Amino acid sequence: MWDYSEKVLELFYNPINQGTIDDPQEPDVAVVYGEVGSIACGDALRLHLKIQQSTDSILDARFQTFGCTSAIASSSALTEIIKGKTLDEALHITNQDIADFLGGLPEAKMHCSVMGQEALEAAIYKYRGIEVEHHEDDDGTLVCTCYGISEKKIRRAIA
Amino acid sequence: MVTYLDNNATTRTDPDVLAAMLPYLSELYGNPSSMHSFGGQVGAAIETAREQVASLLGAEPTEIIFNSCGSEGNNTAIHAALAAQPEKRHIITTAVEHPAILAVCKHLEKRGYQVTYLSVNSRGELDLMELEAAMTGGTALVTTMYANNETGVIFPVEQIGAIAQSYGATYHVDAVQAVGKVPINLATSPIDLLTLSGHKLHAPKGIGALYVRKGFRFRPFLLGGHQERGRRAGTHNVPGIVGLGKAAELAQIHLAHVQREAELRDMLEHGILTTIPDTVVNGGGAPRLPNTTNIGFKYIEGEAILFMLNREGICASSGSACTSGSLDPSHVLTAMGLPYTILHGSIRFSLSRYTTEAEIRQVLTVMPEIVERLRALSPFNND
Amino acid sequence: MVTYLDNNATTRTDPDVLAAMLPYLSELYGNPSSMHSFGGQVGAAIETAREQVASLLGAEPTEIIFNSCGSEGNNTAIHAALAAQPEKRHIITTAVEHPAILAVCKHLEKRGYQVTYLSVNSRGELDLMELEAAMTGGTALVTTMYANNETGVIFPVEQIGAIAQSYGATYHVDAVQAVGKVPINLATSPIDLLTLSGHKLHAPKGIGALYVRKGFRFRPFLLGGHQERGRRAGTHNVPGIVGLGKAAELAQIHLAHVQREAELRDMLEHGILTTIPDTVVNGGGAPRLPNTTNIGFKYIEGEAILFMLNREGICASSGSACTSGSLDPSHVLTAMGLPYTILHGSIRFSLSRYTTEAEIRQVLTVMPEIVERLRALSPFNND
Ligand SMILES: Cc1ncc(COP(=O)(O)O)c(C=O)c1O
Ligand SMILES: Cc1ncc(COP(=O)(O)O)c(C=O)c1O
Ligand code: FES
Ligand code: FES
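So the protein lines, in turn, are chains W, U and F. Residue 61 in my numbering sits at position 61 of the first sequence, and the numbers go up by one each step. Residue 1111 in my numbering sits at position 111 of the second sequence, and the numbers go up by one each step. Residue 2247 in my numbering sits at position 247 of the third sequence, and the numbers go up by one each step.
Just chain W, same shape as in the assembly (with noise of 0.2 Å):
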């Protein structure tokens, strides 16, 4: 049994910001999405953000998360410690702040954070139009990447 904080079971049980966000279609506001892992590795996230560009602002963010509790919970965590941060405030976020909102997380679980950092910085480098490696195979099926991109930063995340 991992040994979960309340919090971590309370985000997993009654996540907030679930879910996509439509793109209204409004002056000064865009829609992105970033996105990690896959089916293949048993962890995925997709991080839906809502943005205002006068002011490189999140307005609302929003997630869709495949993964085991700790996943699902990072993943809302991470959607509320953004709302209202500016892009460059949220680039300065990571794992361990999740894992601090979260009230710690087991540390073989501490990945599951890693992950909803990644797909930040996925989503704001899409927004910004800079190209980040993609982790495909020849067949064009995901590779398990969450281990591979994820290692140094679970150790720096863990020392």
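Heads up, some of the hints might be wrong.
When the alpha-carbon atoms are kept at most 25 Å apart in a straight line, the in silico SDA-like pairs for lysine to any residue are as follows [to be verified]:
(1) F:Lys-2110 x F:Arg-2123
(2) W:Lys-7 x F:Ala-2044
(3) F:Lys-2110 x U:Tyr-1113
(4) U:Lys-1088 x F:Lys-2106
(5) W:Lys-7 x W:Thr-94
(6) F:Lys-2088 x U:Ser-1055
(7) W:Lys-50 x W:Ser-5
(8) U:Lys-1106 x F:Lys-2088
(9) U:Lys-1110 x F:Glu-2228
(10) F:Lys-2110 x U:Glu-1109
(11) F:Lys-2110 x U:Gln-1114
To be clear, the hints were calculated from the coordinates, so they are not data collected in a lab. Small disclaimer: the values here were computed from a predicted structure and weren't measured.
Chain W is fixed; fit chains U and F with the ligands onto it per the hints.
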């Protein structure tokens, strides 16, 4: 009270088993190896238990060695088989064994042994042609489960044993999940060594047994005192042994009614498959234990399902309990070649003689909503 | 009721220990490795027990590995020590170890290891100069008892450990007979590995623990699932573990009163020596456990004495329980170089916190007549 559908992980100690044990946890605390009759009287209880276990297996009492658990039985059996034919350096097992077999095999590979891991098909079944093709004169040991702990799929142990025998290899069967759930008669079988574990059949944790066919040149794994006729050192776990004996006796009686468990299991399976879309029974096409079902729920993740069930007081599992610390998908379902959508979202429900129809109905009531909620969160749903 | 003076063979499970175990033998039967909270709650009980055992030893909880018995601890420790320094092929032990050490060493000799068996003097004591002389850079392991099961003689483990350490050898201590009888503080000791067994300290049979110093490169003996942080496979023996934890807690309390046991033991010894001629305390000149006395009765045979005592309802032993099937004289007394007249006629009385003065008086009452009767039969008497 919880709805306990995790009986392949461990079972409740039967109250009659506990009652049989209690004297040996209080007044009758003597050491059966002692010279005084206070200790000696305990020896008789051990021999009764040995007969009870032997009877459940169709074995002779001298063929039963008491030990501490299924893992010890598996470790011991492998070492004993290799010691019996030290010149042979090849082992055949399957890709879906319990870690207590696989970890030993991995270790032995580093020690210069060659190990063949037989594959299974998508229903979890072995191909006996593959076994035949792998057998050589240098094969010391064939070791397979009787029934898989995750899917309940039953292997054709008689046929496997006949093949092993014809090549002069020892045949060991990890029957931890089968004993008490299917009839076993070792008197007429080609099985040389067989592992069982008490806590899977309503005996307490911490007691197990290894069957060693009469005449098998056995070498002990745990060395020391002369207990168990020199075949397993360590002061006898008297209460545990007495409990296992009683549990074996009760299991034998219960075997006649095991069909009821199968009916409840079928009700659970049928209910889930008909009310929840995108579900599949893993190993459903193969012969299976009467108490086990392993169901894949596409697009959602197993741990999340377990936590949702847990909130309803329902105990189930994904993968085996002793690897639940790991984040990798089940090696059993992986070996079956199941798609990722199923690999990460499969749940095992395992029943026991205590399981009631009301409990099955409870699962059938809550499960659709749990799956729906999690699927609503998932990015893969309806992609 | 019997007069039970065979507590070095096994002890009575303390009623408080049984009470602590009972919930885990009935309602709380979950597997601590399971993902549901019904199983998970049991994990907390295991960690409490781990703290209780650690506290008795002056160790940290993570340094405690639960297993099935003292024999398993000893087997595991030896294998772990050799695996930690695989290039070293020399083991030092003593001639008076328990079979669970000696049998493993004999086995390893066949596998190419060199084993030194340190001698003891007539009081059962080691010569540290002999140890120093035997140590080489190739010594992987020094393994000695803390206290001898037959005589109660205590070895200077701190000094032995310091010597082992200075040569880079692992030091393992078989403390099965010492834990709960003498204070142990591993925090400040050179001991790397230490074995204990529950049933010797009023926990049930079938549970034990191995202390592994933090930082020691440990390799498991029983391979399989990830239990005990990958250091001992097999479903946790939850009731046993909880019982051992409680027993450790009680032992710690009892250590303050162990002097009373020593007084009763001294009363027994003194009474026998003053009322029965040609008697001697084996190991009497050495530091000893407070609860043990081993008395040689010249000219008569141990088994005959035991049967006479048994008729009076008194439980004692000659040699260790697990070799009692054997007819050879005790290897411990033999190693002490005792004369044949004593070798064959020695009896161990081992007390516990349950031993009463009345019981000691009973032995003192019956013993002179028993010895007299047997001596009257003996051709050697008054030779
Ligand atoms: C010194 C010593 N070591 C090891 C053991 C073995 O312990 P167990 O019987 O729990 O395996 C015993 C007792 O039998 C003993 O006295
Ligand atoms: C098939 C199988 N083999 C071996 C084991 C190990 O048994 P134990 O936990 O008693 O060591 C188990 C259960 O965990 C099992 O399901
Ligand atoms: S997201 Fe991978 S285990 Fe939680
Ligand atoms: S005479 Fe009986 S044991 Fe030797």
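Hint numbers not upheld by this structure, sorted from lowest to highest | 1, 6 and 7
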